[in-house]
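> Residues per chain are reported as follows:
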Amino acid sequence: MAVDSTAAGAQRRAGRGTLPAFRPDQPRRRRSGGIRGYERLAGWLFVSPAIVILGLFVVVPIVMALWVSFTAWNGQGSPFQSGVPMAGLKNYTHLFTVDGLARQDFMTSIRNNGYYVLLVVPAQTVLALFLALVVNQKILKGKSFFRSAFYFPSITSSVAISVVFLFLFTNSGAINQLLAALGIHGPQWFADPRGVIHILLGNPSTPPAALADHGLFGLSWWDWLAGPSVAMCSIIALVVWTTSGTFMLMFLAALQNIPVQLDEASLIDGANRWQRLRYVTLPQLRPTLFLVVTLGLIGTWQVFDQIYVMTQGNPAKTTLTPAFLSYSTAFKNFDYGSGAAISFILFLIIVAMTLLQRWLMRERRTRSHGSTQSRSPHRRTG
Amino acid sequence: MKRKIAGYAVLVLFGLIFLYPFVIQLATSFKTEADAAANPLSPIPRPFTTASFARIFDGTDFPVWLGNSVLMAVLVTLGRVFFDSLAGYALARLHFRGRSVVFAAILAMMSVPGVVLLIPKFLVLNQLGIYNSYTGLILPLIVDAAGIFIMKQFFESIPADVEEAARIDGAGIFRTYWSVVLPMARPALITLTILSFQGSWNEFPHTLVAVQSRTLYTLPRGLADLVSGSLGQGTQYPLKLGAALLAIIPVAVIFLIFQRYFVRGANEGATKG
Chain S
1 MAVDSTAAGA QRRAGRGTLP AFRPDQPRRR RSGGIRGYER LAGWLFVSPA
51 IVILGLFVVV PIVMALWVSF TAWNGQGSPF QSGVPMAGLK NYTHLFTVDG
101 LARQDFMTSI RNNGYYVLLV VPAQTVLALF LALVVNQKIL KGKSFFRSAF
151 YFPSITSSVA ISVVFLFLFT NSGAINQLLA ALGIHGPQWF ADPRGVIHIL
201 LGNPSTPPAA LADHGLFGLS WWDWLAGPSV AMCSIIALVV WTTSGTFMLM
251 FLAALQNIPV QLDEASLIDG ANRWQRLRYV TLPQLRPTLF LVVTLGLIGT
301 WQVFDQIYVM TQGNPAKTTL TPAFLSYSTA FKNFDYGSGA AISFILFLII
351 VAMTLLQRWL MRERRTRSHG STQSRSPHRR TG
Chain E
383 MKRKIAGYAV LVLFGLIFLY PFVIQLATSF KTEADAAANP LSPIPRPFTT
433 ASFARIFDGT DFPVWLGNSV LMAVLVTLGR VFFDSLAGYA LARLHFRGRS
483 VVFAAILAMM SVPGVVLLIP KFLVLNQLGI YNSYTGLILP LIVDAAGIFI
533 MKQFFESIPA DVEEAARIDG AGIFRTYWSV VLPMARPALI TLTILSFQGS
583 WNEFPHTLVA VQSRTLYTLP RGLADLVSGS LGQGTQYPLK LGAALLAIIP
633 VAVIFLIFQR YFVRGANEGA TKG
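Going line by line, the protein sequences match chains S and E.
Sequential numbering from 1 applies to the first sequence in our numbering.
Sequential numbering from 383 applies to the second sequence in our numbering.
Hint data in this document are derived by calculation from the structure and do not stem from the laboratory.
Note that the structure is predicted; figures quoted are calculated from it, not measured.
A few of these clues could be false.
[As the list claims (entries may be wrong)] Pairs of lysine-lysine residues, derived as DSSO-like cross-links and limited to a Cα-Cα distance of at most 27 Å, are as follows:
(1) S:90 - E:386
(2) S:90 - S:317
(3) E:386 - S:141
Isolated chain S, as found in the complex:
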């Protein structure tokens, strides 16, 4: 108990043995200002381990990485010694304005992650809401078992679960056998770089010139519009499968907070089940819906573990994401400056999503009183 040598401990020792503080002949030292003084000191001592660790491993690293993002450090020695070449803003401009591999990879990763967000967020939200509505049915038994079953994937190791899905999606694996039973010839999931929009368009060998010859940020419109690759789709399936359970619990908590009278009143008014869902339940779930969607937007830009384990950005860079690109640029290509620059841009994207969330949540706070619920979960029973 290292903390015992602190002021708190000292005060304890001072107080020990004497009767409580009000002996007029022997007042405790510095009693009036003292307790506040001790409290001030104890407050700082209590938070100091947290400040030191978080400062050292969150704040300081960010400042260091910001510095490195303006250098061309290659991983040799310290990035803060004098010999390290400076790159100025190059690491950033190369991602946007200079035609080259760096920009092409970065824009490809933005495209891939964009499609990933576009599919994962709606899919996990709808699935989570649907599961919550089913599990919330009063007439069904065994609901708690199914609730746990749906939630279980969320708590398991992302790496372990990625290994399982690698096996499920092998060429002659479980998924393709299921598809074969339905008469569908499954693709070679992790080896298939074709974008699903390209596939839907019949995968033409010569894309329309209007799209292929023009583009934005070094990628042709045809490439921008490829859609997620088949390989990315299997990762999307994995992520929707793992995260829906968590969001289901949030919807479920919100559903259980809806006053029963509301539902009863609408029943008396003769509303059918669909009308009750549409006009009574869903409006009540609005804050949770905002929360789930924005948490999804924040989380989906951070996809990393699954990419690392399952595809490493392959095939043909169609599962490359900014998070993985920043990692591989730094640790595989030893271009720490560019890697850090990509991290910061990703950081900005996520900060933007977080601000969007705060803004939406503030909006709802002024409108309804249900807003504090997510901040005080202790009053809720599981």
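Guided by the hints, dock chain E onto chain S, whose structure is given.
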């Protein structure tokens, strides 16, 4: 009635979707490689073999990784429970100048996503000379902002009179915290323990930039290494799935016992971002 049947049909269908992958995993880890390749959907290994587990423990570094994972999870959990609750208590109850600034900073750090810290964390570990060591693996995780937030919220939700009484009786601040407040905080401490254990047991990206030697790998890092082809010839799915299964089991057992705390944790996660 029709509605009931439809309800159960949906439950069972989704129950299968969410649980059958684990059934396949369990079955496959007891299959031979040929059987796993030929019958990937079958829940019954034919023939039944424990060969892959024998190889996991004899032919790979799995035992070392398991030891590292246990060490890391235990130390990180102890650290987080102690330091997070200490800081959470100070932020909830003790009056000191700068408290609101500290709390705002912690809120801000909660929304810093882990993946953008990969390179930054490597830089600082490298600079401090603790890259590729147990210290580098464990120390950065020993406090987490979200845990502080959870504890602060909890301490604010319990009445202050008991501790005020203790203080008036002359107990010091740390003593009050340790023997009066902490025992009342049991539910929050259990939640924090479980979240910390699960989080550090499953942690992957941090281990990627903190250590390099195979003898310092934790289970997720080791698993990722097995998958990336360190096993040599063949796909060896029974072995990989068996190793992944062993990595899942501890958290699964805790989940079965402490489900309601997980549920609470998930809803706290709502504020974590």
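> The structure should be examined with respect to each hint, and the outcome stated for every one.
The hints, checked one at a time:
With a CA separation close to 63 Å, the supplied pair residue 90 of chain S and residue 386 of chain E exceeds the 27 Å bound. The suggested pairing of residue 90 of chain S with residue 317 of chain S holds, with an alpha-carbon distance near 23 Å, which does not exceed 27 Å. Distance restraint check for residue 386 of chain E and residue 141 of chain S: the Cα-Cα separation of roughly 10 Å lies within the 27 Å cut-off, and the hinted pair is therefore satisfied.
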